[in-house]
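Start from the sequences, fold in the hints, and give me the full structure.
With this note's numbering applied, the sequence shown corresponds to residues 1 to 437, in that order.
A portion of the hints provided could be inaccurate.
Said to hold, decoys possible - Listed next, with one range per pair, are the computed distances between beta-carbon atoms:
no.: 1; residue 1: G281; residue 2: T96; range: 24 to 30 angstroms
no.: 2; residue 1: A43; residue 2: V308; range: 22 to 28 angstroms
no.: 3; residue 1: L209; residue 2: T331; range: 37 to 43 angstroms
no.: 4; residue 1: P367; residue 2: L197; range: 29 to 35 angstroms
no.: 5; residue 1: V103; residue 2: A364; range: 20 to 26 angstroms
no.: 6; residue 1: R363; residue 2: S301; range: 20 to 26 angstroms
Derived by calculation from the structure, the hints in this document are not laboratory data. Keep in mind the model is a prediction, meaning the values are calculated, not measured. We put the CB at the ideal spot given by N, CA and C, even for glycine.
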Amino acid sequence: MPKSAATRTLPSSAPLLTVAGGQLVAAPRAAPERVRRKRPASANPYLRLLATPGARAFTAGNLIARLPMGMLSVSAVIMIAGSRGSYALAGAVTATGLAATAVVAPFTARLVDRYGQARIAVPATALAVLGSLALVLCVRYEASAWTLFVAYAATATTPNTGGMSRARWAHLHRGDPAALHTANSFEQAADELCFMLGPVIAATLCGALFPEAGTLVGAFLLMTGVLIFAAQRATEPPPTPRTRTAVSPLRTPGMPALLAVFLATGAVFGALEVVSIAHAGGAILALQAAGSCAAGLLYGSLRPARDVRRRLLLCLAAMTALMSLPLLATTSTASLPVLALCLLLAGAATAPTMVTGMTLVQRATPPGQLNEGMTLSVTALLGGVAAGAATGGWLVEHAGTVSGYAAPTGAAALALVIAAAGTALRRRQGVSGGSAR
1 MPKSAATRTL
11 PSSAPLLTVA
21 GGQLVAAPRA
31 APERVRRKRP
41 ASANPYLRLL
51 ATPGARAFTA
61 GNLIARLPMG
71 MLSVSAVIMI
81 AGSRGSYALA
91 GAVTATGLAA
101 TAVVAPFTAR
111 LVDRYGQARI
121 AVPATALAVL
131 GSLALVLCVR
141 YEASAWTLFV
151 AYAATATTPN
161 TGGMSRARWA
171 HLHRGDPAAL
181 HTANSFEQAA
191 DELCFMLGPV
201 IAATLCGALF
211 PEAGTLVGAF
221 LLMTGVLIFA
231 AQRATEPPPT
241 PRTRTAVSPL
251 RTPGMPALLA
261 VFLATGAVFG
271 ALEVVSIAHA
281 GGAILALQAA
291 GSCAAGLLYG
301 SLRPARDVRR
311 RLLLCLAAMT
321 ALMSLPLLAT
331 TSTASLPVLA
341 LCLLLAGAAT
351 APTMVTGMTL
361 VQRATPPGQL
371 NEGMTLSVTA
381 LLGGVAAGAA
391 TGGWLVEHAG
401 TVSGYAAPTG
411 AAALALVIAA
421 AGTALRRRQG
431 VSGGSAR
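Here it is as structure tokens:
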């Protein structure tokens, strides 16, 4: 055979010859692979975030489970007050549930970290749903008042679905501060959206159907959402067995000061809610939540801060300034549209503050205790909401609604002072540690 013929390259479509079972077999040559062009990454950080494999599925389940958080307390108040004719009893029952949550939620979160989200969240949610159903039966059949407290306290086992979702983002995007910044902003906007829509849906269901409708629908959505969320095992952070040397996130450096900031920030929300309802009705609060939701989404599209603690101080300073707008509006004019605009602007600083605070909590908490750390911050926030609501209610009753708007402004200023003191103390400790070395 000529050398040129032996070295000639066969066309890609020519068959390959081989011997199999003593026979010459012609095998077709594999077709060349087509070069796949990669689609350019979206410029929208939220689209890039939701493009994470499995993210849309667990986000959908989490949103369904989170919506009842804004429904169940309002539904309970409407249901109990309508049946027993006492807003005082309704408020006492929901306050008891809040106190029980403050005690039980960190323990539930610790179990989630230790044994996994699906293994703990599903039975914990089932127990909370049974508590809601028991409350409906106690109200429906006019059981003794003490049974209402017991039934509603059982709902304290509801897992922190927002914290579990943030833990998944932290697991999926560990080492990527920009993605985590966007994820925290998205989660905060989702919180605001659920707390904006939840009370409206609850009030509509209770008014249009029957008083127990809001609680029943909320319990159904909670259980359904958690089941969908827990079924997404591919994105679930691995459980971290607790060792003897593990300490509570409460003892990590900087965490007590952060929790104190969350406590004061919760007082802003609680006072603003009570005072605004007394002054202009509950519907006007949707504007504050809308402003916070929009600001949270916009904040997530920005670059993450290099100095997160300094960013927190700036956010708290902005929140203090913007929270003074409702006070100025009510003292200078009785116009509801002006107050509505001021509440919309006041909400613009709350989401960035919460996002930045949650980022610091994530950094201060050991990875294996992330659910517990974030649940502690939510517990501090709820405690602040209760204290703020009580303070705002006292001011409304004794000094009027106009003076009541001084409560959220003062609480925001207190949060700023606490954060500034914590930052200064941390820097001083850092300098001392450096000199010691």
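So, going through the hints one by one against the coordinates:
1. For G281 paired with T96, a C-beta distance near 26 angstroms keeps the hint of 24 to 30 angstroms intact.
2. Here the CB-CB span from A43 to V308 is close to 24 angstroms, well matched to the stated 22 to 28 angstroms.
3. Range check, L209 to T331: about 41 angstroms between beta-carbon atoms, so the 37 to 43 angstroms window is met.
4. Restraint check, P367 to L197: a C-beta distance of roughly 33 angstroms satisfies the suggested window 29 to 35 angstroms.
5. The hint said 20 to 26 angstroms for the Cβ distance between V103 and A364, and at roughly 22 angstroms that hint holds.
6. Range check, R363 to S301: about 21 angstroms between beta-carbon atoms, so the 20 to 26 angstroms window is met.
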